[in-house]
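Undergrad: Chain by chain, the residues:
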Amino acid sequence: MVQKIQLEHNYDYILSGNVTEDLNQFKTIFDNCIDIKFREFDIHGARKGALVFLSGMVNMQTIDFEIMKPLIESDERLFQESAAELNDSDIQNIIENRLLFSSQLSWFEDFPDIIEHVLSGNVAFLLDGLQQVLVINAKDWEKRTVEEPATEAVIRGPREGFQETISTNISLIRRRLKTPQLKMEDMKVGRLSNTQIVITYLEGIVDTKLVDEVKNRIGKIKIDAILESGYVEELIEDNSFSLFPQVLITERPDRVVGNLLEGKVGIIIDNTPFVIIVPGTFFQLLQSPEDYYQRYFVASAIRMLRFFAVLFSLLLPSLYIALTTYHQEMIPTMLLISIAASRETVPFPAFIEALVMEIAFESLREAGVRLPRPVGQAVSIVGGLVIGQAAVEAGIVSSPLVIVVSMTGIASFIFPSFQLGLAFRLLRFPMMIAAATFGLYGILMMLLLLLIHVLRLKSFGVPYLTPMAPLRISGLKDVIVRASWLKQSTHTGELKSQRHQNPFNRLRQRQNK
Amino acid sequence: MRKQVILFLTIFVFMYMLTGCWSRVELNDIAIVTAAALDLVDDQKIQLGVQVMKTKMTKGTAGRGESSDNTTLIFSEQGDSVMDAYRKIQKKIPRNLIFSHNRIVIIGEKLARSGITPVIEFFSRYRDVRGNSYLLTTKGKAFDLLNVGPNFEKFSAEEIREEQKARVIDSATIRDFTYRLLEEGIEPITSQLQMIPAGEKSTEDSNSEKKNKNNELALGLVGVGVYRKDRLIGWMNAQDAETLLWLRNKMKDSVITVMIPDENKLFGKLSVQLMKSKATIKSKVENEQVQFQVNIEMTGDLYENTTKLSTNSSNNLHTVQQLLEEEVERRIRSTVQKSKNKFKTDIIGFGSKLHRQNNKEWNEKYSDRWDEKFPEIKVDVTAHFKIIGTGRINDSLIWEEKEMKK
Chain A
1 MVQKIQLEHN YDYILSGNVT EDLNQFKTIF DNCIDIKFRE FDIHGARKGA
51 LVFLSGMVNM QTIDFEIMKP LIESDERLFQ ESAAELNDSD IQNIIENRLL
101 FSSQLSWFED FPDIIEHVLS GNVAFLLDGL QQVLVINAKD WEKRTVEEPA
151 TEAVIRGPRE GFQETISTNI SLIRRRLKTP QLKMEDMKVG RLSNTQIVIT
201 YLEGIVDTKL VDEVKNRIGK IKIDAILESG YVEELIEDNS FSLFPQVLIT
251 ERPDRVVGNL LEGKVGIIID NTPFVIIVPG TFFQLLQSPE DYYQRYFVAS
301 AIRMLRFFAV LFSLLLPSLY IALTTYHQEM IPTMLLISIA ASRETVPFPA
351 FIEALVMEIA FESLREAGVR LPRPVGQAVS IVGGLVIGQA AVEAGIVSSP
401 LVIVVSMTGI ASFIFPSFQL GLAFRLLRFP MMIAAATFGL YGILMMLLLL
451 LIHVLRLKSF GVPYLTPMAP LRISGLKDVI VRASWLKQST HTGELKSQRH
501 QNPFNRLRQR QNK
Chain B
1 MRKQVILFLT IFVFMYMLTG CWSRVELNDI AIVTAAALDL VDDQKIQLGV
51 QVMKTKMTKG TAGRGESSDN TTLIFSEQGD SVMDAYRKIQ KKIPRNLIFS
101 HNRIVIIGEK LARSGITPVI EFFSRYRDVR GNSYLLTTKG KAFDLLNVGP
151 NFEKFSAEEI REEQKARVID SATIRDFTYR LLEEGIEPIT SQLQMIPAGE
201 KSTEDSNSEK KNKNNELALG LVGVGVYRKD RLIGWMNAQD AETLLWLRNK
251 MKDSVITVMI PDENKLFGKL SVQLMKSKAT IKSKVENEQV QFQVNIEMTG
301 DLYENTTKLS TNSSNNLHTV QQLLEEEVER RIRSTVQKSK NKFKTDIIGF
351 GSKLHRQNNK EWNEKYSDRW DEKFPEIKVD VTAHFKIIGT GRINDSLIWE
401 EKEMKK
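For the record, the sequence lines run as chains A and B.
Per UniProt numbering, the first sequence starts with residue 1, numbered consecutively.
Per UniProt numbering, the second sequence starts with residue 1, numbered consecutively.
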C-alpha cells in the first residue's frame with residue numbers, strides 16, 4: 001500500500017539570481033546529505049558561480065576538466081565587460097557555445113526540476129545574475145558489466161543480458177532494432193524513488209490502444225518506491241488474484257525485441273535487469289528464445305517436451321496418489337506388484353508419503369537458491385543422499401515415490417519461465433489433496449477448476465490462452481510447434497499485420513474498480 | 001471476490017456429496033488375486049480357491065530377491081455361492097482381496113459339467129472383476145492347479161495368460177464366453193488346462209501321470225473344453241483347437257506338417273509355418289438342407305524339408321501346396337465332424353453365420369431348434385494354400401545333388 005509521507009520541503013522556491021541565496025536554498029533542502037557537494041567559485045572576480053552535484057554519480061574528470069577548467073580559464077573580458085552590456089541570453093549563449101565542452105546541456109527555471117536532475121546525477125551550474133540553472137550531464141557511476149543472464153541461459157543465442165542501468169538496457173534493445181519505428185517513451189513512477197520507466201514498442205506493428213492502455217495503467221500507479229519490476233507487474237496486471245503470471249519477464253534483450261516484433265509492449269524499469277513484456281500469454285511463457293534459434297524440428301520437439309513437462313509437474317504426484325489408493329486396477333499388474341512390495345514397509349498413507357517428500361524436495365530447492373554457493377552443494381549432497389536413498393532404506397518412503405518426486409522435480413525445471421514454474425509448483429499441492437480425497441475424479445475436478453480460471457484470465461485484454469482459446473489457426477504455427485520462418489508470416493507488411501496478424505486487437509479497456 | 005469464494009466453497013462441499021462411498025484403499029491393505037479356481041464339492045457347495053500375490057518386500061535390491069517358490073499364497077473356502085466362499089476367505093485374511101488383476105479363472109470338470117452360469121454370474125457382476133480374464137476348464141479338480149509354481153514369470157497365472165495370448169489354441173475370456181453363451185447359433189468353448197510334467201510338456205491330449213526326474217509339474221494347455229450352453233460336454237485335442245482358430249480367423253502362429261509317401265521315392269516330411277489364414281463361411285439353404293461352404297486361404301513359409309523335392313522348382317512347390325491343401329481340408333473336416341456328430345454342439349458358429357446370411361430362414365425355421373438341426377448340416381471345405389517363402393536354403397541338405405527331384 002502507498003504510504004502517505006508528507007514531503008517536508010516546499011519546492012515552490014523561485015530562483016533569485018543571487019548565487020549565495022540560491023545555494024542556501026539548496027543547502028537547506030539537502031541538509032544532512034553528505035553525498036551532495038557544493039562548489040562555489042569566482043569567475044575572474046566578476047561573477048560568482050556554483051556547482052551542485054552528487055558525488056559518486058558524476059564523473060569527476062568531466063567536472064574538473066570540462067566544466068571548471070573552461071569557466072575559470074575563460075577570457076576575462078567575457079565577464080568583466082558584461083555587467084551592463086550583456087543580457088541573460090547573451091551570457092547563456094557564451095557559456096553554451098564558447099565555454100563548456102558538454103554535449104548535453106539545458107537550462108531550467110523550475111526548482112523541482114533542478115532538484116530532480118541533481119538527484120539523478122546531473123551537475124547544476126548556478127551563475128550570478130541568471131535566474132536559470134544550467135544542468136550538465138556528467139553521469140557516471142559504478143555499474144555491473146553486461147553478463148549472460150543467469151535465469152535464461154541458452155545454448156545458442158546472444159549471451160547479453162540486461163543489467164541495472166536503464167540507459168545500457170535501452171541501448172541493448174536499440175542495437176537490435178535500428179529503426180526510427182522503435183519508440184521509447186519516458187515515465188516517472190514512485191513518489192520517493194522517482195524511478196524511470198521506459199515504455200518501448202514498434203510503431204506500425206503495435207496496437208496503439210495497447211500502448212495507451214499501458215501508459216494509462218502505469219500512470220495510475222501510486223506508490224512510494226519501485227524497487228523491482230515485480231512492483232509494476234503487480235500493479236498493472238489484470239487479475240492479481242491468480243497464481244499465473246500475466247506478463248512476461250525477461251532478462252534477455254533478444255527476447256524483448258522478438259516480442260516487440262510481435263506487436264507487444266516492453267516496459268523497462270530502472271535499477272532492475274528484468275524487463276516486463278505485455279500482454280503475456282500462457283503459451284508464450286512456455287517458449288524459450290532459443291526455440292527460434294535452433295532448427296525448427298528440434299525446437300518443435302522440445303516444445304512438445306515442455307507440454308509433457310507441464311503435465312508431469314502438475315499431475316505426477318497426484319496421479320501416483322490417486323492410482324495407488326483408488327484405482328489399483330489401472331496399474332499394470334507387474335508394476336502394481338512391485339509398487340506394493342516397496343510400499344509394504346511404509347507406515348504412512350500414500351498421500352502423507354507424497355506430501356512429505358514433496359515438501360522435503362521443495363525445501364531443498366529453496367535452500368539451494370538462498371544458500372551461498374559453497375554451502376548449497378552440501379545441501380544438495382545431503383538432500384540427494386538422505387531423501388533419495390536413506391529414506392527408502394529406512395522404510396519411510398517407497399522407492400517408486402522417489403522416482404515420482406524426482407521426475408516431478410526435473411519436469412518443473414524445464415519451464416523456460418521461472419514464474420510459471422512457480423505457479424505449477426504451488427498448484428501441485430491442491431492437486432494432491434484432491435487426488436487423496438477423490439482419486440481421479442478429484443484430479444479431474446481440480447483440472448476443470450483450473451481450466452475455468454485460466455480461461456477467464458486476460459492480460460491487457462488478450463485472453464490468456466490465445467491462440468488456443470479463442471482458437472486462431474494461424475497462431476498455432478508458433479504454439480505447439482515452431483514452424484519454419486518460411487511458413488510463418490513476418491511483420492514486414494506492417495499495416496497488414498495490424499489487420500490480420502495481430503492477435504491483440506481484441507483489446508478492451510480495463511475496468512477500473 | 002467474496003462471491004467467488006462462496007461459490008467455490010459451495011461447489012467444493014457438493015463435490016463431497018456427489019461421490020458414493022469412499023473407496024480409498026491403501027496398497028498395504030490389498031491382496032491381489034491372480035487366479036481363481038472353482039470346484040463343485042459335496043452338498044452342491046462351491047469351493048473357491050484364490051491365488052494371491054505375496055507382496056512382501058524382498059530385502060534390498062531386486063537382485064537379491066527371494067527364491068520364486070513362494071511368491072503366491074493360496075486360500076480356499078467352500079460356500080453356497082461364489083460370493084459366499086469369497087466372503088469366507090476374506091474373513092480369514094487381513095487384507096482386501098481385489099479381483100481386478102485376476103488373470104485366469106479355472107473351472108473344475110465337475111462344476112463345468114453341472115453348468116457354470118452361477119459362476120459366470122459372479123464374475124460378470126462383481127465390479128472388481130475384469131472381462132478379459134481367461135476362462136479355463138480342467139479335467140479333475142481346479143484347485144490343485146493353483147499349487148503349481150511358475151517357471152518363468154512371478155506367478156503361474158501370468159504364464160498361462162501369456163500362453164493364451166500366443167493363441168496356439170483356441171481360448172476364451174470371460175467376456176468371450178458370455179458373448180458366445182448369449183449369441184444365437186454359437187456355443188462356447190474354453191481352453192483346457194492340465195498339469196503336465198515339465199520335462200515333456202506336450203500339447204497332446206494325455207492323461208499320463210508320468211513325471212520327469214525332478215518330479216516337477218507345469219501347467220499346460222492341452223486342448224479345449226466343449227460346451228453346450230453352459231455345460232461342459234467333452235474335450236477336443238490341441239490339433240482341433242488349432243483348427244478352431246483357423247475357422248475363427250484368430251490364427252496367429254501355426255505349423256502344418258505333411259508327409260510325402262514312401263512310394264514315389266521322395267520320402268520325407270515338410271513343415272510349413274502359416275503366416276496368414278483367412279476363412280470365409282458361406283451359408284445356403286436348399287430344400288430344407290442347410291449347406292455351408294468353408295473357404296480357407298492360407299499363406300505360409302516352408303521351414304523344414306527332408307524330402308528329395310527341390311524347393312527351387314515351382315512344380316514341386318505346387319505339389320507341396322496341394323498336399324497342404326488336402327491336409328488343411330482333412331483337418332477342418334475332422335473338426336467339423338467332431339463338433340457335428342460327436343458333441344452335437346455348434347462351437348464353430350455355423351448357426352450365427354446362417355443367422356446373418358439367411359436371416360429369414362433362420363428366424364422361421366432354425367432359431368428355436370438349431371440344436372436338433374445342427375447335426376444335419378452339410379459342410380464343404382476348400383482350401384487354398386500358397387507358399388511364399390522357402391527359408392534360407394534351397395535344397396535339402398541331407399540329399400546329394402543328383403538325387404534331388406528338380
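Everything labelled a hint here was simulated from the structure, so no lab data went into it.
From the three backbone atoms N, C-alpha and C, an ideal C-beta is built for every residue, glycine too.
Incorrect hints may appear among the rest.
Stated by the list, open to error - Derived Cβ-Cβ restraints for the label pairs, each shown as a range:
1) A/SER484 - B/GLU184: 43 to 51 Å
2) A/GLY395 - B/MET83: 16 to 24 Å
3) A/LEU444 - B/LYS3: 49 to 57 Å
4) A/ILE359 - B/GLN90: 35 to 43 Å
What the hints assert, rightly or not - To be clear about the criterion: a stretch of chain A counts as covered by chain B if any three or more of its residues have a C-beta under 8 Å from a C-beta of chain B, and this derived list gives those stretches:
5) 321–334
6) 341–348
Undergrad: Does each hint hold? Answer for all of them.
TA: Consistency of the hints with the structure:
1. The beta-carbon spacing between A/SER484 and B/GLU184, approximately 59 Å, falls outside the hinted interval of 43 to 51 Å.
2. Distance hint for A/GLY395 and B/MET83: a CB-CB separation of about 36 Å, inconsistent with the stated range 16 to 24 Å.
3. As the Cβ distance of A/LEU444 to B/LYS3 is approximately 24 Å, the hint placing it in 49 to 57 Å is violated.
4. Hint check: A/ILE359 to B/GLN90, Cβ distance near 37 Å, so the stated range 35 to 43 Å holds.
5. Check on the region 321–334 of chain A: 7 of its residues sit with their Cβ under 8 Å from a Cβ of chain B, so the three-residue criterion for coverage holds.
6. With 6 residues carrying a beta carbon less than 8 Å from a beta carbon of chain B, the region 341–348 of chain A meets the three-residue requirement, and the given coverage holds.
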